[in-house]
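Novice: Same order as they appear, the protein sequences are chains A and B.
With the first letter of the first sequence counted as 1, position 133 gets the number 133 in the numbering used here; the numbers rise by one all the way through.
With the first letter of the second sequence counted as 1, position 36 gets the number 36 in the numbering used here; the numbers rise by one all the way through.
These are computed hints drawn from the structure, not numbers from a lab.
You can take every hint at face value.
Keeping only pairs whose Cα atoms sit at most 30 Å apart, straight-line, the calculated DSSO-like set for lysine-lysine is:
no., chain 1, residue 1, chain 2, residue 2
1, A, K297, B, K414
2, B, K240, A, K90
3, A, K240, B, K414
4, B, K90, A, K297
If we take Cβ atoms under 8 Å as the criterion, some of the chain A residues that face chain B in the derived model are:
no., residue
5, V22
6, H52
7, G82
8, S86
9, A172
10, E177
11, L180
12, D181
13, H299
14, W300
15, D304
16, A310
17, I313
18, S315
19, G405
20, G406
Per label pair, the in silico range of CB-to-CB distance:
no., chain 1, residue 1, chain 2, residue 2, range
21, B, R200, A, L294, 24 to 30 Å
22, A, D259, B, R353, 55 to 61 Å
23, B, R41, A, Y400, 35 to 41 Å
24, B, R353, A, A293, 49 to 55 Å
25, A, Y403, B, A378, 29 to 35 Å
26, A, G336, B, D379, 56 to 62 Å
27, B, R42, A, S215, 40 to 46 Å
28, A, A386, B, V102, 54 to 60 Å
29, B, R74, A, S374, 38 to 44 Å
30, B, R232, A, A261, 34 to 40 Å
31, B, D379, A, A293, 41 to 47 Å
32, A, A99, B, R232, 40 to 46 Å
Even for Gly, the Cβ is constructed at its ideal location relative to N, Cα and C.
There are 2 protein chains.
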Amino acid sequence: MAAAKTGRSSPRNAFYAQSGGVSAVINASACGVIETARAHRRQIGTVYAGRHGILGALHEDLIDTSRESAAVIRALRHTPGGAFGSARYKLASLERNRAEYVRLIEVFRAHDIGYFFYNGGNDSMDTAQKVSEIGRSMGYPLTCIGIPKTVDNDLPITDCSPGFGSAAKYVAISTREAALDIASMARTSTKVFVLEVMGRHAGWIAAAGGLAGRSSADAPHVILFPEIAFDRDKFLAKVKATVERRGYCVIVVSEGVRDAAGRFLAEAGTKDAFGHAQLGGVGPLIAEMTRSALGLKFHWAVADYLQRSARHIVSAVDVEQAYAVGKAAVEFALAGKDAVLPVIVRRSSSPYRWTIGEAPLGAIANKEKKVPRSFITADGFGITAACRRYLAPLIEGEDYPPYRGGLPDYVEIKGAPVRKRLNKPFVL
Amino acid sequence: MAAAKTGRSSPRNAFYAQSGGVSAVINASACGVIETARAHRRQIGTVYAGRHGILGALHEDLIDTSRESAAVIRALRHTPGGAFGSARYKLASLERNRAEYVRLIEVFRAHDIGYFFYNGGNDSMDTAQKVSEIGRSMGYPLTCIGIPKTVDNDLPITDCSPGFGSAAKYVAISTREAALDIASMARTSTKVFVLEVMGRHAGWIAAAGGLAGRSSADAPHVILFPEIAFDRDKFLAKVKATVERRGYCVIVVSEGVRDAAGRFLAEAGTKDAFGHAQLGGVGPLIAEMTRSALGLKFHWAVADYLQRSARHIVSAVDVEQAYAVGKAAVEFALAGKDAVLPVIVRRSSSPYRWTIGEAPLGAIANKEKKVPRSFITADGFGITAACRRYLAPLIEGEDYPPYRGGLPDYVEIKGAPVRKRLNKPFVL
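Using the sequences and the accompanying hints, generate a full structural model.
Specialist: Have a look at this one:
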């Protein structure tokens with residue numbers, strides 16, 4: 001690497017980092033980045049990964065991915081979680097904490113890093129955009145490319161976000177399976193089943209629960225979206241009518257459901273009138289509401305991390321797209337693009353056809369795409385045919401990991417550290 | 001069927017019912033019963049199924065399975081839940097409610113039912129035993145055969161219970177997947193992850209979470225069993241040490257965990273000091289304990305019905321055994337056996353070899369098999385090598401359902417009712 005520092009005789013290195021909440025397929029994007037970089041060794045030197053995301057760059061704690069075998073890199077495609085470690089760490093604004101940005105550039109310079117690939121959501125695209133700006137202002141040539149990722153599917157411009165399709169598939173399947181269970185039990189036991197899913201600000205994952213049913217008679221009978229203010233009376237009336245008609249009621253509730261005043265129901269439930277902490281999220285809260293108001297026996301499940309790490313039942317489309325955006329990010333860099341990210345462009349829904357497009361980082365940064373009203377039924381409790389047309393292709397196909405001894409054979413990276421070149425610890 | 005009533009010229013019919021909590025593979029047992037009966041049409045007439053289990057018999061609400069195609073019956077093998085409906089209904093003792101037993105025999109007589117196949121747990125084996133006795137005392141010839149089923153794995157004598165292996169596989173996989181997620185996030189975010197699993201009285205499912213790790217360094221770092229009295233201080237010390245050493249701590253907790261006084265932790269948590277209801281189960285309670293005592297950021301998941309209905313990731317061994325006990329039940333009946341049930345007999349663990357054995361109904365009825373102390377590590381927080389040897393074969397192999405449009409293609413039965421012959425409604 002020494003040669004790389006003295007001139008352009010050797011190709012410059014790359015830095016790749018995972019950011020924010022991980023998913024079942026973010027490592028497929030890492031696989032796409034590393035395999036594509038390896039296929040272009042004359043243009044890109046070593047791919048360094050940040051140990052725990054951007055913190056790895058700030059602390060000069062880099063992982064040398066060239067020490068990982070081709071088989072290990074390939075196996076990232078079927079391994080959930082963030083293999084290099086992620087971080088919930090948002091760089092402050094350039095004005096407020098210029099030192100962090102300067103430090104990043106110093107570390108990049110020390111390791112002759114010419115390419116910055118940042119794999120995350122809207123916050124991360126904002127960071128990548130700023131890093132691009134500071135590099136330019138400091139006279140350090142740096143290509144900054146984003147790689148979209150979020151199970152929440154709330155990134156604008158891109159048709160969908162890698163990670164979402166798999167969470168959606170997990171929730172749709174789990175809802176269908178649990179519904180068969182309740183249907184069996186309802187006569188003498190459980191009448192209401194509540195599944196709480198992720199999506200703090202957008203109800204895409206909750207909407208995906210709607211795919212479990214083929215018609216409006218099928219479960220789930222009620223979906224509670226963050227986009228629709230929760231109306232207790234209307235909700236209870238719907239549950240009551242459903243139980244009377246079908247014998248049971250299956251409810252999918254987004255963790256982000258709010259009341260008419262905009263308060264999260266889950267937070268409203270964290271303290272009772274005496275200020276005592278209440279355990280549990282919005283799922284148990286909603287379930288308990290049906291018991292206390294309607295006297296119905298309930299069960300509830302909270303999928304939490306299970307829904308975003310369930311690599312065993314990912315959408316094959318999602319894996320392909322996650323890999324494709326990683327690959328495209330490197331190809332964009334090689335094509336001389338900067339401050340952009342690859343996005344998914346839908347060409348048609350049936351048959352499903354998609355291509356990779358391109359968007360400026362700034363167009364994605366700090367924006368949220370919510371579920372449009374036209375995707376939610378008039379009563380606010382279901383998904384429309386338009387929503388179904390949008391969602392259905394995203395959960396298509398199965399892509400099973402290999403198994404050993406009855407368990408998925410997920411890979412662990414060696415994670416060899418890169419020798420530090422700066423003798424300056426950095427305090428965040 | 002009229003001929004069947006007048007003599008032995010036609011074979012007698014069979015009654016099959018599902019009982020108690022359903023599983024991902026109970027329909028595979030139904031498939032085994034019906035396919036095997038169909039292969040012996042000269043000995044067994046029509047298989048009637050109880051709509052909602054034994055209630056179907058009491059209310060003379062029978063499903064004519066002969067109206068279901070061979071393809072539908074075959075598809076039961078890959079469909080979770082109880083296709084005919086189950087019931088949580090335990091017949092009272094013969095002394096207290098003889099009328100119910102007499103009614104059963106009346107319905108069986110009206111439909112010339114000579115075989116009673118009851119698919120359930122220890123309560124159901126008790127019921128089957130009593131039905132056998134009353135039949136004999138009423139001079140009505142009836143062959144009563146049990147078919148074991150419970151995700152809790154707490155039936156005695158049988159090496160394992162159909163339904164358990166799949167719940168075990170689901171929990172082991174989910175624990176491994178969530179652990180990879182936490183490992184990615186722990187540096188800046190979640191330090192403790194709690195997965196609550198089923199098992200009110202026995203910790204078999206919780207134990208299965210232990211299969212997620214290959215060594216004691218791997219997640220789960222703590223398993224909380226109903227068999228071990230919960231010791232708050234010891235638990236918190238273990239979590240603290242684990243987070244200091246590994247950076248995070250993954251906990252699998254059985255819903256049935258109790259304190260030293262034998263009280264369920266989950267129930268202790270349902271009311272606070274002022275008598276206010278607390279939402280949530282033992283999972284959130286344990287998670288909140290680590291936050292309040294140790295200041296750790298947590299996430300928790302409650303799998304609930306998802307773990308017992310996840311047909312998408314069943315154990316192939318479990319499916320085979322569930323089918324095998326259904327098939328064996330019919331074969332036992334044809335061989336003239338009565339008041340017995342087929343059980344799983346382990347011949348060897350490595351390689352795994354099993355056969356079908358036979359046990360009297362009375363030996364299973366109302367008994368519980370707990371996790372033996374030798375299967376739990378000395379500190380009470382993990383599983384031993386002996387436990388691993390026992391559990392590992394039970395989650396072996398994958399048996400994926402067919403998919404359509406990204407979702408498992410589960411079957412729905414036609415459920416054609418059998419014309420009633422008694423003109424007496426029965427009040428429970």
